[in-house]
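> Residues per chain are reported as follows:
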Amino acid sequence: MKEIVIISGKGGTGKTSITASFAYLGGKDVIVADCDVDAADMHLLMQPDIGRSEDFYSGLLAEINQEKCIKCGKCADVCRWDAIPIIDNQYIVQALDCEGCGYCARVCPTDAIRMIEQNVGDWFISDIKTGTKMVHAKLGVGAENSGKLVAKVKNEAKALAEKEEKAIIIVDGSPGIGCPVVSSLSGANYVILVTEPSVSGIHDLKRVYELVKKFGIKAGCIINKADINIKKTNDIHTLLKEENIDLICEIPYDENFTKAMTMGKTIVEFDNGKIKQILEDSWEKIKIAN
Amino acid sequence: MKILLTAKGTEWDSKMDPRFGRTEFFFIYDEETEKIETYDNRAIANEAHGAGPKTAQKMSEFGVEVLITGNGPGGNAGRVLAQANLQIFIGAGEMTVKTAYEAYKQGELKTA
Amino acid sequence: MKIAIASGKGGTGKTTLATNLASFLAETEKIILVDLDVEEPNSGLFISGENIHEEDKFKMIPEWKKDECILCGNCQKVCNFNAVMKLGEMIMVFPELCHGCYACSELCPTKSLPMKPKKMGELKHFKSGNLVFIESKLIIGEEQAVPLIKQTLNYVDRNFPKRTIEIFDAPPGTSCPVIEATKDADLILLVTEPTPFGLHDLKLAVETMKELKKEMGVIINRFGIGDANVERYCEKNNIPIIAKIPNMRKIAEIYSEGNLLYKKIPEVKTQLEDIIAFISKFQQEVTL
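Protein chains in written order, with my numbering: chain A, 1 to 290; chain B, 291 to 402; chain C, 403 to 690.
Please keep in mind that the hints were generated in silico from the structure rather than gathered at the bench. Even for Gly, the Cβ is constructed at its ideal location relative to N, Cα and C. One or more hints might be untrue.
Chain B side only, calculated, beta carbon under 7 Å to chain A, not exhaustive [said to hold, decoys possible]: (1) PRO308; (2) ARG312; (3) ALA338; (4) HIS339.
Let the hints inform the model, and build the full structure from the sequences given.
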């Protein structure tokens, strides 16, 4: 089984549109996993019919049992986040400030504080329009994205792929350079970096590739909107050579990406010309790359 | 020599788990006594952060000298394993436990 | 007055708007621009100025002192983040995982884990005419953006009077760093695109800001592509659309070089003027 993870560092490079295109081209042979849970958008192009849905718990929140509380104030004293102010003569935990460290619960003399696992979102397994399944998730407001949720989504995808004997898992990876990306990359066989030829695109590509290198996973790069700045595209070529990253393809700036999205379609369903050809050729390359 | 492999199951024919920190099982083979020991690590799925060092800490308790896995550990886990003096081999993520062990014996695996 | 520029989705033009708006305003008054997207700060790629001040930013983490330690393992037990571990005869600390709660340190029976500062990032302070620019950058491998955002905001509060206009370039998404970057702001400007992805992520951002009880306005970037659903949504939910920055290939080209837009594209300048008019009106209403 081959796990292909698509990441970008910077937002707005077209990562999700491109991932969805590969999912479409892969058709019944692939399982799709959306690990970009902070801003999960792939479902907008894949028309999921939600079959299974479960709550997801992660992180802790302190809760004070007012009946047991003797108002000694020890909890508020040890809290480094000032998350336990006195309101109307009661110590009340402020959910958005509580870090979940549990120090307050450990020093409470009357065991009045419990640490409760928080319901931070849901995850789903859905049938999608390409005749296969997608695993995806939705995080609640202000919830922390974590390696745990990403690992959960990927695990479910893997179990499905094994059960249904699919050869490939396509993963829309998490943004940034923190724990969720690390979890997205863990266990991957091939990484696709989607970038654009701009100062910010290159800056973020370098930062995220530092992370990929640590895992020793083979990587390929797609330069989207390549004709916006030819000089910067050439700079990316040089970078790829130095780092021994495959150049998978260059995609020209094309507003059909947006037109397709507006109709809830991937670009390969909408465009019958050059872009479709480029992505089809790329998909053939990616399938055999390792 | 005691060897630990990150695995999806507890048999020689089980698939390797390519992940280090969130591996489901440890498969431990003692070459001297030819005995097999396994450890169920699935509770690691409950950890939001720091799965790598936690798994590494657990591994260090088994007194193994060689670790065989898929992608290899990240920086924090690497520090723990260095402390435990483990030799680490990577790139066995797609094999079964048996073929991974054989590949290691043939010197076909990369060191991390 | 504090204005935070935010968006649910990444890559909608937050940094573009923050840098252009701040530079344009600075032509007539003193402005402070603060890049709070500490994981990927990009405002600095568009702004240059004289370096006024630099400082390292620290978080407090425990440091193991071997001599008195009795290896009881209490530190590991009280840590909820796997940041302290007992390994054989030693205690190991993982600085990137530590949230700085002090539990292991203060609950250690032999005081063998005193808290020590550890560098987590750098703050830089630039000046160019009326424009003050402050940027913080997290070290790669550090997992927590929130403490650095908090310290950066403290630096701004300490060094500048309250009446100046402060513009915050917030991180993308809706998770804790966004909350930290926006919770003290008087006004939130949400940047979006008129596409299904843009709308979906705008809704998440609006829900988040409603939870924080914030005043907000929407700026539609790349206006002209996509559809009218973002406008419909804003109308239905009574969220003012302050400006519509047109979709032009020329904008993408100028941006890709790291240059400001409003000096070269008059359409962008008129939209900035609309945003400034909105801000002034808001400011008057608040002070009344």
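> Does each hint fit the structure? Answer for all of them.
These are the hints, each one checked on the structure:
Taking 7 Å as the C-beta contact cut-off toward chain A, the hint placing B:PRO308 at the interface holds, the least distance being around 4 Å. Look at B:ARG312: its Cβ gets to within about 5 Å of chain A, closer than 7 Å, so that hint holds up. A hinted interface residue such as B:ALA338 counts as satisfied when its beta carbon comes closer than 7 Å to some beta carbon of chain A; here the least separation is about 4 Å, so the hint holds. Checking B:HIS339 against chain A: minimum C-beta separation of about 5 Å stays under 7 Å; hint holds.
In this structure, every one of the numbered hints holds.
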